[in-house]
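Enquirer: Take the given structure of chain A and dock chain B to it, following the hints.
Chains as they are written, first to last, in the numbering used here: chain A, -13 to 171; chain B, 50 to 186.
I should point out that these hints are in silico values taken from the structure, not numbers from a laboratory.
You may find that some hints are simply not true.
[Said to hold, decoys possible] Quick look at which bits of chain A chain B covers, simulated, 3 or more residues with Cβ under 8 Å:
| id | region |
| --- | --- |
| 1 | 88 to 101 |
| 2 | 117 to 127 |
| 3 | 138 to 144 |
[Unchecked claim] Not everything, but these chain A residues come out facing chain B in the computed CB check (under 8 Å):
| id | residue |
| --- | --- |
| 4 | PHE38 |
| 5 | VAL51 |
| 6 | ILE58 |
| 7 | SER76 |
| 8 | ASN78 |
| 9 | ILE109 |
| 10 | GLY110 |
| 11 | THR133 |
| 12 | SER134 |
Where is the CB? At the ideal position from N, CA and C, for every residue including glycine.
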Amino acid sequence: MEFISQPWPWYVAGPLIALVMITLTMFSKSFGFSANLRTMCSIGGAGRRVDFFNFDWKSQIWNLVFLAGAIIGGYIAANYLTTDTSIALSSNTVASLASLGIENAGSSFLPTEIFGFDALSSIGGIAYLVVGGLLIGFGSRYAGGCTSGHAITGLSALQLPSLIAVIGFFIGGLIMTFFILPIIL
Amino acid sequence: MKYIKFLLTGVLFGVVMSKAEIISWFRIYEMFRFDAFHMYGIIGSAVVIGMIFVKYTKRKELCCIEKKPIEFKDKNLSIPRYLIGGVIFGLGWAMTGACPGPMFVLLGHGVFSMLILIMSALLGTYLYGLVKDQLPH
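So that you can see chain A by itself, here it is in the shape it has in the complex:
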């Protein structure tokens, strides 16, 4: 049990993520999380206005069930499998964040400056999350997938489009990390 409650190293997590992808593939499904966002739009009635959402979303129920499982998995991990939520970040990262005004980096999973209640009580704090969410939702559908669909499933199947998408993820991520976050944080 000692091992379970510790943070899991990459060589345990990576193979288990592969196992998730392989399991879904064996069930004739394709591992891709962001497809759920499209499905949810369809269930909400977006198909009446926009043709892109007018598809047989019932074929995606398995993926919504998988999503529900992911929420439960998060709950189980947070409440039963974790004793210490601090993260052993690299000291370079901690120093860099301190210079941007993010204190105590790694003392928990998320920076309270972005996700805490104080952030949510300011318009700027809410706008930060809304803009971030819009970029993720728009970008993942435009690119036809997110990290699971392209970086894991797509690269495993040697798909060139997925490699282009992953290069795009990194171009965007590096621009945000090195040029935009220092301004907006």
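Expert: Chain B only, in chain A's frame:
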């Protein structure tokens, strides 16, 4: 009951994403600064194992549990679509430290600000559907 296997696979996914700290904003920031190997080790080892699996199943024409052949559909090649879409996604990923999966896993951790992120990601998806035909694909 036929969906229970997907629920269990999802639970495994949520637990791994949590226990390996992949859902942490800090880990994503650290990855984009190339300060640690952690995230690269996870994605890299998952892809290597995935590649071996795909190669093996393609060669053996292994059939699956569902009695339907396993298919890996080839995606149509388009540079603007994947590159521009990818860059937009990457901006959001580094900003919020979350991709669509971690948003929901973190909801399970009781982080309710994720609801704002999820609602806006749904809106972003809707906006894409709205302007899709005007975009280069």
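Enquirer: A closest beta-carbon separation below 8 Å is what the hint needs, so does A:ASN78 meet it against chain B?
Expert: 5 Å, holds
Enquirer: With a cut-off of 8 Å on the beta carbons, see whether A:VAL51 makes it to chain B.
Expert: 4 Å, holds
Enquirer: Hint A:ILE58 vs chain B: min CB-CB distance below 8 Å?
Expert: 5 Å, holds
Enquirer: Taking the least C-beta to C-beta distance, is A:THR133 closer than 8 Å to chain B?
Expert: 5 Å, holds
Enquirer: Please verify that hint: A:PHE38, Cβ, nearest Cβ of chain B, below 8 Å or not.
Expert: Holds - the Cβ of A:PHE38 comes within 8 Å of chain B, reaching about 4 Å at its closest.
Enquirer: Does the CB of A:SER134 sit less than 8 Å away from some CB of chain B?
Expert: For A:SER134, the interface hint holds, since the closest Cβ of chain B sits about 6 Å away, which is under 8 Å.
Enquirer: Against chain B, is A:GLY110 within 8 Å by beta-carbon distance?
Expert: The hint is violated - A:GLY110 has no Cβ within 8 Å of chain B, the shortest such distance being about 13 Å.
Enquirer: Counting residues of the region 138 to 144 of chain A whose CB is closer than 8 Å to a CB in chain B, do you get three or more?
Expert: Coverage by chain B holds here, the residue count being 7 at a Cβ distance below 8 Å.
Enquirer: Report holds or violated for chain B covering the region 117 to 127 of chain A, Cβ cut-off 8 Å, minimum 3 residues.
Expert: Result for this restraint: holds, n = 11.
Enquirer: Quick check on A:ILE109 please, does its C-beta sit within 8 Å of some C-beta on chain B?
Expert: 12 Å, violated
Enquirer: Three or more residues of the region 88 to 101 of chain A near chain B by CB distance under 8 Å?
Expert: This one holds; 7 residues, not fewer than the three required, reach chain B with a Cβ under 8 Å.
Enquirer: Double-check A:SER76 for me: the hint is only fine if its C-beta lies closer than 8 Å to a C-beta in chain B.
Expert: 4 Å, holds
Taken one by one, the earlier hints fail for this structure at numbers 9 and 10, listed in ascending order.
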